[in-house]
Structure formats: structure tokens, C-alpha cells
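**Q** For chain A, the structure is supplied; the task is to place chain B on it using the hints.
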Amino acid sequence: MSEFFQQLINGLALGSIYALIALGYTMVYGVLRFINFAHGDIFMVGAFMGFYLTPMAGQVFGPHSLACALMVLVLSMLICAMLGILIERLAYRPLRNKPKLAVLITAIGVSLLIEYVGQHPMVFTASPKTFPELVHSRNFHLGAVVLSSNEVLVLAVTIVLLVGLELIVQKTKMGTAMRAVSFNAPAAALMGINLDVVISFTFGLGSALAAAGGILYAMKYPSIDPLMGIMPGLKAFTAAVLGGIGNIPGAALGGLVIGIVETFVGGSHWSNYRDAISFAILILILLFKPSGLLGKGEIEKV
Amino acid sequence: MKTKSPQIRRILLVKCLALVVLSGCNKPVGGANEIRVGEFASLTGKEATFGQMSHHGTELAIDEVNDAGGVLGKKIKLLYEDDQSKQGEPATVVKKLISRDGAVAVLGEVASSRSMEAAPTCQQNKIPMISPASTNVKLTEMGDYIFRVCFTDAFQGKLLANFAKRTLKANNVAILTDTKSDYSVGLSRDFNAPFVANGGKIVAEQVYNGGDKDFKGQLTAIKAANPDAILVPGYYTDVGLVAKQARQLGIIVPLFGGDGWESSKLIEIGGSEVEGTYFSTHFSPEEVSPVVQDFVKKFQAKYHEVPDAMAALGYDSARVLVDAMRRAETVDGPKLRDAISATKDFPGVTGKITLDEKRNATKPAVILTVKDGKFKYVETVMP
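These protein sequence lines are chains A and B, in that order. Count the first sequence with this note's numbering and you get residues 1 to 302, in order. Count the second sequence with this note's numbering and you get residues 1 to 383, in order.
Quick caveat, the hints were computed from the structure, so don't treat them as lab data. As the structure is a prediction and not an experimental result, all values here were calculated from the model. Heads up, a few of these hints could be off.
Unchecked claim - These stretches of chain A come out as covered by chain B in the derived footprint (C-beta under 8 Å, 3 or more residues):
(1) 30-44
(2) 217-228
To be verified - Over the 10 Å line for every Cβ pair with chain A, so calculated as not near, a few chain B residues:
(3) T44
(4) K77
(5) K158
(6) K223
(7) S284
(8) E287
(9) E305
(10) T354
Unchecked claim - Which bits of chain B does chain A cover? Going by a derived footprint, with three or more residues having C-beta under 8 Å, they are:
(11) 118-131
(12) 240-247
(13) 265-272
All C-beta atoms, glycine included, are put in the ideal place defined by N, C-alpha and C.
Bound-form chain A, shown alone (with noise of 0.2 Å):
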């Protein structure tokens, strides 16, 4: 029993990062109805500018403080964000009316640059490099189960950046207009919304949430690589579909339910096929219920 209930705090506590990451997929695809392949390299960005950050910040607010954490995390969640709305400015706004097949070729090939650029020498070299401490990690026991104080983070800051997003979605002038967006941009055009604000924004907001999960990822397992982006991207992206891609809650839940079966299948006899099994349940779901688990239904016009 005992056992079950740590594969559980595993599950989530690696679920709630790639719900991080899957948010940033679902509100580009609300907005703009595509996917941001580069999201995943952006989560990589975010965790390398931890590493180059934490050092700094450690001289001034002292090693391992939690002012220190706090301001690395914000640091590169910002610098992501001018990332994010970089991107955007440069490769996907050209395309903005043209085919939406052409932005997603060039969504991959942002992703295949980014990581390139990212091996290069003079940039993060290709060798795996040690992510710092940020903060001492204390174990917490509870009977037989052992929950670490890094996991115990890693759900805080998950729920305090998805309770953010809700409110910024639900309750601002911006998140409305986000909202508007995504439901008719011309109409909310000629409403007198400024289109490229809001696609800016959304940008910058998906791309500071995958820096938060990158950090989170790299406290979690200390050794970084420009290519580390790749697979909790797609799962991520996974985790967006599951929950009913353009749905935030969803992406959540998507997140969470990815995590905890993954960590179950790694336990059992058929831990050799945890990616195929993680992928087969997302088949299974989807041939059921092809909006995802959160996903409206909705008809689309041809």
C-alpha cells in the first residue's frame, strides 16, 4: 500500500512539470490554433539560464536562500518570455495568414535550430552539465512513504503559477482579450483589440511558464543538456491533447494523468515500454473522446 501511494506523490510531483510545460502548448494553440513545437527548447532555454543564474544570484542574496530561488526562477522566466514573443515577432508572425501547415513546419524548424544552436561550442556545448542546488532538499517521512521538500516545491509553485494563469485568463482586461482572441480573432480585431499585443503576450506567458518548468524539471534531475527539451516536450504536448488542447484546466489534468501513469508503468514488469504505454493510453482516450478529457466538442466550420 505503501508503495502505491509513493508511485502516486512520484506521479504527480513529475505531472505537475509537465503541466507547466503543457500549458504554454494549450493557450498558443486557444489563440492561434496551432503548436509551438519550439515550447520544448524553451523549457531547455529556461533551465540552462538557471544554471547560468544561480551562481550570480547566490553571490547576492547568499547560496541556496530561498530569495535566491525565487529570483533565479523569475529571472529566466522573464528572459524566456522576451524569448517566446521573439520567436513569434520573427518566425510565426510572417505567416500569420498564410497556410497554418507553413507555421508548423516552421515551428519545427525553430525547435531543430534552437536545440543546434544550443550544442554549438560557443553556446551550452553538447556535453550534459550539472545542474547547481538552488535550495537543500530535506526528506519528509510519512510512515513508510518519503516525500522529498524539492517535490513539495515543485506542486507549490505548479499551483501557484496555475492559480496566476486562471486569474490573468479569467479576471484581466489582457486575459479577456485573450479570450476574445481565441474565440473570433477577426471579430475581437475589429472590436479594437490590438491582435500582435495579444499574441505577444500569450507568447511571452506560455514561454515563462515552460523557464518555471525547466527550473523545476532541472532541480528535480540535476543534469541538463541542450537536447533535454525533446521528450518532456512531447509528452507535454501529449499531456495538452489528453486534457483537450486550447483548455487550460485540461492541460493540467493531462499533465498530472501522464506523470502518475508514467511513474506506475516505470514500476511494473513493464517498465522497458513506459513511453509506449503513456502514448497508447492517449490513443485509447482520444479514440473515445476526440476533444480530450476537458475538450468541448466543438464543430468546426469547413
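**A** For chain B alone, kept in the frame of chain A given last:
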């Protein structure tokens, strides 16, 4: 098809000419005064310290030979390629080394999967290949041009089984294998048989894919099986994360593994969590023999770091090759092959090297442990 306009025909002619000229450049351009030796290594990527260390060792050996006047009246030119620790790269870079650069012999790699990928190319071209550190038994079975200067996992698995039984006093062992790596799969199989034959029990067998970051699922299942020790026959990047997560889950039994652990990165990634773990390897710089101390001194003078097993094996692989060139008095593939296979009692820094009829070296192993953030010598195990 109608006849083409003269203009198009002219363009085609120029293109054909260009092709002829360019393909002419493709011939091996070995200078008359140098012997070209190819080397492929994982200089970047997941197993970067393996490649860097073995490359430094190889380079040091070749430089020494050249400083002493070279071999067969010629200098050796070491041409090296980086395979980025990626599957798929070795076959490409070794093909390039042989067909374009005209290498007469190939040195490399550390990881068994990547050596096994390059071996068929060397075998087909009758170019001798010496792997410094690939221990998977199957490697040298791939052809009579494929050699290694290290022990095999048949030996390493057996000594780890004995070590678990005698020193760790472990009867119930759990294994966590990297299914993507020939080395890991081979070593866990070569551990399993002798350990079970000795009355040991494998209580849990879990697998992962090299490059995975999360092992908590597998480790929680292993914890539930209550082993006395856990064998992790993987490479250092993964092992560091495994050790970290095992301790986070409250697993306190010792972890142990093979020579794939040997890297300063293991301690960097694993931190305090790899303290008290054990692994078997080929060499310890703490050994007092003059051969070893001389090598350690030279290596430190050149690269400003202490050599590890991969550096020592890289050094030995190059020196065994040069020794064979001297005896063969030629770099012609088949004759060089015969000379390498006749290597007997060669004084390597990793022990006396004699290649048996299966082209493997039989050598002692050492067991190291991690103590106070450093590798510490525990014992030497004779074959």
C-alpha cells in the same frame, strides 16, 4: 525526349566535369611521410568524459611515439572524430576515417554499443580496430580485425557477483538495467548467472532507457522488493541521477556497478548521494607501480588532471597498436592484424596485456568506492 538546347547541354557538361574533378579529391591523401591512425570518441554528449579522457590518453601515447622519432621511419598522424555519444554517428565517422582520410587502423570507442556499430565497417575494409574500453563480450566476436585492450564483462560480471556476495554480504540483489545500452544489458546478464549459481537471488529486475531522467517508478518497485544491494550497470550520467533519487526515496542499501561509472561527473551529478557506492574498473591512479606513476605524472603535466581508467586504456590502445606496427614492419591491414593478435605480455599501464585467440585482454580489475567526494581504491581482483 526531344534534343536539349545547346545551352542546357553545356551546363550538363560542366556539371559532369565538376563531378569528375570533385570525386578525384575523394581519394585518400596519405602523405608519404606519415602514418594515419583514425580515432573516434564521444568528445561531447552524454558520455563526454569517456571520450575526452580516452582521447587524451591516445593523444599522449601518439605524441610520445612521435617525439621519440615515430615508427617505421614515419610520424603518426592521429585523425580523430567526435561521435557526440550518439547512436548512428560511429558508422558514419569511421567510414569517413577509413575511406576518405585513409586511416590504416582505428582506435575507439569506450561505449560498447558504439564500438559495435563501427566494427563491421573496419572488418569489411580489413582495417584493424582496437577498442580501449568496450567490455561487452560480443564486440570482438564481430570479426577477426576487432580487438580490445580491456577485460570483458564475462570477467567483470563474475567479479561483481563475487564482490556482492563476499564484501557487501548481499544475498538479495536488485538490478536496474539500461536497455538501450549493449554494455548494460550484457553486464547485467554476466552478473546474473554467476551470482545465482553462487546461491544469490535476484529479487527485482527493472529497466530504463539511457537518457531517462526519472527513475522513481523503478526505484520504488525495487525498494518494495527489499534488496541487500542494487546493481546499476549503466553509465555515469544516468547512475548519478539514479543514486540521487534512490536516496531521496529512503533506499539506504549500497549501490554498485561497473566501469561505466568512472567519471568525475558521477560525483558532480550524484553529489553526496553517491558516497559509499562501489564500482569495478580497469585502473587506479593510486597504484604505486612505477609504470602507473610515470603515466600519471606525464598525463598531469599535459592535461592538468588525474587520469582515469578511460585515459589509461586510451593510452594502452595506442601503444599496443604502435608496438604491433613495429613488429609487423608494415601498416598493411592483414599483416598488422596478425601482429596485433600476437601481442603478448605488453607492459601497459592497466596491467600486462596479452591478447587471447578471441582478441580479448585478460587483466586484473580494481574496485573503487566514493569517499568524501573522491574515488578511493578498495581492492584489486585477479582474473
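**Q** Take the hints in turn and mark each one as holding or not.
**A** To see whether the hints hold, each was checked on the structure:
Using a Cβ-Cβ cut-off of 8 Å, 0 residues of the region 30-44 of chain A lie near chain B, which falls short of the minimum of three, so the contact claim is violated. Counting residues of the region 217-228 of chain A whose beta-carbon sits less than 8 Å from any beta-carbon of chain B gives 7, enough to reach three: the coverage restraint holds. Separation of T44 of chain B from chain A is inadequate, the least Cβ-Cβ distance of about 4 Å not exceeding the 10 Å criterion. Its beta-carbon lying about 23 Å from the closest one in chain A, K77 of chain B satisfies the requirement of being farther than 10 Å from that chain.
At the 10 Å boundary, the C-beta of K158 of chain B stays outside the reach of chain A, the nearest C-beta of that chain being 26 Å off. The claim that K223 of chain B is not at the interface with chain A is violated, since a C-beta of that chain comes within 10 Å of its own (minimum 8 Å). Annotated as non-interface, S284 of chain B keeps its C-beta farther than 10 Å from every C-beta of chain A; the closest such distance is 24 Å. Every C-beta of chain A lies more than 10 Å from that of E287 of chain B, the closest at about 28 Å, which supports listing it as non-interface.
Against the 10 Å criterion, E305 of chain B stays outside the reach of chain A, whose nearest CB is about 15 Å from its own CB. Annotated as non-interface, T354 of chain B keeps its C-beta farther than 10 Å from every C-beta of chain A; the closest such distance is 35 Å. For a cut-off of 8 Å, the count of residues in the region 118-131 of chain B with a CB near a CB of chain A stands at 0, and the three-residue condition is violated. Check result for the region 240-247 of chain B against chain A: holds, 3 residues qualifying (beta carbon to beta carbon below 8 Å, three or more required).
Counting residues of the region 265-272 of chain B whose beta carbon lies closer than 8 Å to any beta carbon of chain A gives 4, which meets the minimum of three for the stated coverage.
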